[in-house]
Structures are given as C-alpha cells and as structure tokens.
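Colleague: Protein chains in written order, with the working numbering: chain A, 154 to 478; chain L, 154 to 478.
Which copy is meant is left open, because identical chains are indistinguishable; a pair holds if it fits in one copy or across any two.
Below 30 angstroms or equal to it, Euclidean Cα-Cα: the simulated DSS-like pairs (lysine-lysine) are:
#1 186 x 443
#2 398 x 203
#3 343 x 398
#4 343 x 462
#5 426 x 203
#6 374 x 203
#7 407 x 462
#8 407 x 374
#9 407 x 425
It is worth saying that the hints were derived from the structure and are not from the lab.
2 protein chains.
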Amino acid sequence: MKAVIVNQPGGAEQLQFQDTTMPRVKSGELLIKVKGSAINRTDIISREGKSGYLSNPILGIEVAGEVVDAASGTEIEIGARVMGLVNGGGYAEYVVMPADRAMRIPDHLSFEEAAAIPEVFLTAYQTLFWLGELTDQDTVLIHAGASGVGTAAIQLAKQMTNAKIITTAGSQEKVDFCRSLGADICINYKEHSFADEVLKTTNNQGVDVILDFIGASYWEKNLQSLRTDGRWVLIGILGGTVVEKVNLMELLVKRAQLKATLLTPRSDEYKKKLTEEFVNRAIPLFNQNKIKPIVDRIFPFADIQHAHKHMEANRNIGKIVIHVN
Amino acid sequence: MKAVIVNQPGGAEQLQFQDTTMPRVKSGELLIKVKGSAINRTDIISREGKSGYLSNPILGIEVAGEVVDAASGTEIEIGARVMGLVNGGGYAEYVVMPADRAMRIPDHLSFEEAAAIPEVFLTAYQTLFWLGELTDQDTVLIHAGASGVGTAAIQLAKQMTNAKIITTAGSQEKVDFCRSLGADICINYKEHSFADEVLKTTNNQGVDVILDFIGASYWEKNLQSLRTDGRWVLIGILGGTVVEKVNLMELLVKRAQLKATLLTPRSDEYKKKLTEEFVNRAIPLFNQNKIKPIVDRIFPFADIQHAHKHMEANRNIGKIVIHVN
Numbered sequence: 154m155k156a157v158i159v160n161q162p163g164g165a166e167q168l169q170f171q172d173t174t175m176p177r178v179k180s181g182e183l184l185i186k187v188k189g190s191a192i193n194r195t196d197i198i199s200r201e202g203k204s205g206y207l208s209n210p211i212l213g214i215e216v217a218g219e220v221v222d223a224a225s226g227t228e229i230e231i232g233a234r235v236m237g238l239v240n241g242g243g244y245a246e247y248v249v250m251p252a253d254r255a256m257r258i259p260d261h262l263s264f265e266e267a268a269a270i271p272e273v274f275l276t277a278y279q280t281l282f283w284l285g286e287l288t289d290q291d292t293v294l295i296h297a298g299a300s301g302v303g304t305a306a307i308q309l310a311k312q313m314t315n316a317k318i319i320t321t322a323g324s325q326e327k328v329d330f331c332r333s334l335g336a337d338i339c340i341n342y343k344e345h346s347f348a349d350e351v352l353k354t355t356n357n358q359g360v361d362v363i364l365d366f367i368g369a370s371y372w373e374k375n376l377q378s379l380r381t382d383g384r385w386v387l388i389g390i391l392g393g394t395v396v397e398k399v400n401l402m403e404l405l406v407k408r409a410q411l412k413a414t415l416l417t418p419r420s421d422e423y424k425k426k427l428t429e430e431f432v433n434r435a436i437p438l439f440n441q442n443k444i445k446p447i448v449d450r451i452f453p454f455a456d457i458q459h460a461h462k463h464m465e466a467n468r469n470i471g472k473i474v475i476h477v478n
Numbered sequence: 154m155k156a157v158i159v160n161q162p163g164g165a166e167q168l169q170f171q172d173t174t175m176p177r178v179k180s181g182e183l184l185i186k187v188k189g190s191a192i193n194r195t196d197i198i199s200r201e202g203k204s205g206y207l208s209n210p211i212l213g214i215e216v217a218g219e220v221v222d223a224a225s226g227t228e229i230e231i232g233a234r235v236m237g238l239v240n241g242g243g244y245a246e247y248v249v250m251p252a253d254r255a256m257r258i259p260d261h262l263s264f265e266e267a268a269a270i271p272e273v274f275l276t277a278y279q280t281l282f283w284l285g286e287l288t289d290q291d292t293v294l295i296h297a298g299a300s301g302v303g304t305a306a307i308q309l310a311k312q313m314t315n316a317k318i319i320t321t322a323g324s325q326e327k328v329d330f331c332r333s334l335g336a337d338i339c340i341n342y343k344e345h346s347f348a349d350e351v352l353k354t355t356n357n358q359g360v361d362v363i364l365d366f367i368g369a370s371y372w373e374k375n376l377q378s379l380r381t382d383g384r385w386v387l388i389g390i391l392g393g394t395v396v397e398k399v400n401l402m403e404l405l406v407k408r409a410q411l412k413a414t415l416l417t418p419r420s421d422e423y424k425k426k427l428t429e430e431f432v433n434r435a436i437p438l439f440n441q442n443k444i445k446p447i448v449d450r451i452f453p454f455a456d457i458q459h460a461h462k463h464m465e466a467n468r469n470i471g472k473i474v475i476h477v478n
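If we strip away everything but chain A, and leave its shape as in the complex, we get (with noise of 0.2 angstroms):
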C-alpha cells in the first residue's frame, strides 16, 4: 500500500511516499480502509523530529474510512463507516485503529467531513471540560477562534453550556466566521490588545478559562485576562517557548490553574475514555446538525506537501484533510 514517511527530519519537502506492506490487525483492533486523513500540528512537529513519541514511520494520527477487517470480539462489524484516532499511520491506505476509538460517522456526513471530526473535536473537548471544568455559568477565552480546535472548540462550547465566549483571531474574515459559529465576543489580535478587550468585557474580572495554543509571547496578556480561580489550559506554543520572568505571587493570588496538556502521546485507555465520552455527549449534536465539521480545503493524497505547506503558512480557517481513496 502507499504511505508517506519522512525521509529525514525538516520541511514539507522531506514527505515521501513509500510502497509499504498492509498493517495487520491485532486483538482489539479494526483494519481502515482510508478514505480521508487530516494534518494537524503535531505532524508537523514529528515531520521536524521534535516530537519523539511516535513510534510508527508513518505519519497521521487521524482518519475516516471503512471497516475491512476486525479482530475476533469486536463489535464494529465490517463495513461499517468510522473516523477515529490512530496511534500514526493515518497518511497511508490502510490503517489499523483500536477499536475502543472508533466512531461511527453520521449518515448526512462525508468521509473527508469526517475526517475533520476526531482529532480537533476530541482535543477541543477534553481541554474545555476535562481540564477547562467549563460551566454554564464562567467565560471563555478561546485563541486561534478560526484554527481547527478554535472552531471546534467555539461550537462545543456554544451548544453544550451556556458560557460566554471570546475568541482572537487574526483577520476580519477569521473574525466573521468565529462569529458564525457562536462566539459572542471576537477580538482581531492585530488590532487591538486582548487582555484590554477581554477585562472591559468582563467587567474587569476576566475569563474562568483559557484554551491557549500560543504560549510565550502570550503570557503576561493571558495571565491579564485569567479571572481569579481560572484554568488556564496551554496545549500549544506556537508564539514560543521561554517566558523570561514568571511572577509566582501573580499565580498566588489568582489561584490560577496552568494545565498544560497533550492528547496524542497520551495511553490508549485515555483515548478510550475520552471517546467514549465524547460518542455520548457531542455526536448527538452532530447528528442534529447543531455541530458541524469545518473543511478548510481538501488535497489530493499526492499532494501531501502542500498541504504541510498550507498548514505552515497559518491561512486555513479550520481543518485541513487529505482525500485518500
């Protein structure tokens, strides 16, 4: 079958397809014909080498596509259509996945819709009530609103509580869609301060929760806008990684909760959990239509560099999926 690999760490250009030998399932596990993947940032951190906990060759940590094989003892039967994480190997033509992380897609739903759906959904949940403990009650503020967490995030939010949301993002067409899909209050970065608008909006009490996929050059405006008994959940660092100076007695008297969080290197019996959950709770509302994916564009598999390429150049309003089959 074809897969892309990495020839050796470094750019877009070091992906490479590669004629390998077809995964074979094991006890617990479901064999994927792919139909779509998706890029995600942690690929591309792996393509650099920087990540380290991907054993498998092959990159992709997401697909959709259908059931060809089962171990004995599963319940997913064959051809059933599913997305789901994988533990690497989703940028290929087959796929083995566990099958305690296989969703069945929705029927009015397309297998590259689908494929929008696991990694970006699943991550967006865990950080707004795993670790976020969002309630009806608190504010939320949500970098990167247009990202593919930031658009996933924004709609979980919106149709599972009733909290007031805030999203950045930075140009007036990012702006828009944000808005589009419920957030109530949306700050173009580029033109003003956050943590300016983020206090005049919360009467000066900021936010009972920040996803923050930014990191250093954000800091001292997220500590800013973090109300007092705030969780502020980093799960990104794409403004850099050294804070210079952090002031403890600022976290002190804020009672702030920094959650730094990962979903890819984590146990399979998280995702397990975390699936399960998200299966009962948010599916229903992509069901009724009320959550949808959000398909930036849709390469074709052989053009796999692009697509790193267009994730890199930061322009996609959320996901970025790979027509496989």
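Starting from the known structure of chain A, arrange chain L on it as the hints suggest.
Modeller: Same frame as chain A, but now just chain L:
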C-alpha cells in the same frame, strides 16, 4: 477586650495590644471566648502589609475556644468547645466565627492542641485531595515536612491513603520527626539534591503530587521531580517569587498541572464546604487518635511578638500556639 493589631506595616515589634470593643454576632455567627490561637505565615505577610485581603484590623485567622453567644438558628449550643477558621480577629479574647465553620473539638484534646488544627489541616486536606487529587497509587512529595502544613499533610496522606510519601526537611531532627509521622522517604535538602533522591526512589518516574511552599528557588528541581500528568500545588513562595526562564515545552511534555492556591482569601462558601468535608472524613481519625495536632510551642498571649519571631526563625516543628485565656 484585649486584641492584637499592627501599629504600622513592619516587623514583629509592630504587633501591639489594644483595648477594643467586643465583636457582636450577626446572622449565622457564633461568639467565641478564645482559649487558643495560632500563628500562620499569612499573619506575618499581613503584618508586613503585603496581603491586602484582610479587612479586620485584628490579626489571626484561626482559634479554639468556647461558644458564649450564638445567632438564632445556629446549631451549636452555648458552652460548646469549638475550633475553626475566622475572617481575621483571632488574636483577641473574643472573636466571631461563621457557625458553619465551627468544628467541635475532640474530647481528648486541649484548647491549645485544638488551636493547632484548623488552618494547617484544612490547607493540607485542600491541597492533597481537592487540588492534588491524591490517590492510593500515587507518590506525593511534601516539602517543608516538619512545618505546620507539612506535619498535617504527612498524617492525612498516611492515614487516608496508601500513597507513598516523600518529604524534605532541613535538619536531622526534622527528618526523624517526619518519619515518625509516617513519611516513607525523608530527604535532608541541605545534604542531598531532593530531585536526585526523588528520581532515585521513584525509578526515574517522579511524583504524582507536589506540595510546594517554596516557589522560585525550587522551580527546576520540582519540575524534574514531577511525573507525567503530575499535579504541582503551589501554596507558598518562601524561596522567592520570580522564576527566570520558564520553558513551557517542559510543562507540555509532562502535561503538568500547576495549581496555585491560598486558603485565607477564599469565600465563606468554600471554607464551609471544606470544613464540612474535613469534619466528615478527617475528624474521626483525630477521635481515634490516628492523627494528632503537632504543637511546637505554646506562647502566652503577652508574648505574641516572640511567637512571630519564632516562626520567622524557621525552627519550629509543627504549630506555634498562643494561650489567650
């Protein structure tokens, strides 16, 4: 009545006695004739004018004593022996206490022993269980193991869980005392790098929970000592406030949860809930003599300045108590 106020922000010599009017109970309150009070770090910070969250000019946030008046509708009878947190005013002959925070003193304990319980045991309970989410399978690192909160935390962790307990302390006497309370591994931080010892004794995995009173000077070593998915509870900054260069990638890779907390400025409702849970789950262990208050020294009320200096000298094992009446 006699009460201790701060003349002007500064050292222990600024603590002065003043004759003030007796407080009167409002709805939901008890009037306590104070028998024992106790010294806390937060009193020193207040004395120095650095906290800003106490509106009561009389210092002192915990007492043990006898109920002499009660608002109608409260469930505790006149004459009852109680202990608990107060909203300032504890360094005085009489103080009001919200009735929902009053804990009945176990029969076998004196007022001075009881005065050594509320603040440190409630803080230890809150940090170990509510924030640290300590479980039987975990390992916990308790810094300042011989301090008031440290001695409380060792006992609560030992008696309420099967967690492995590692402590640090700065003298052989303190190390021995921590061991006598049930700590499994006791590290003299003046003789060993605690991070090296922690990694050695945890098979390089690190600990699941850290109780950190130290802050900046321990930052790197605490981060090294923390296990993946660990909870790092920051409850003091005895070792400095500002950390130079925080690497967020290290927090992300460990999926660290840094939770800063203070008890004194929290809401009445929070203290009520914490007290109720503590009464249900921990007070029975005092009644069974499995957990005991650790009194370092009892000072007469007149020696309040010496009591503060004693804490500032950092030589106490357990609580510094004031005999008031």
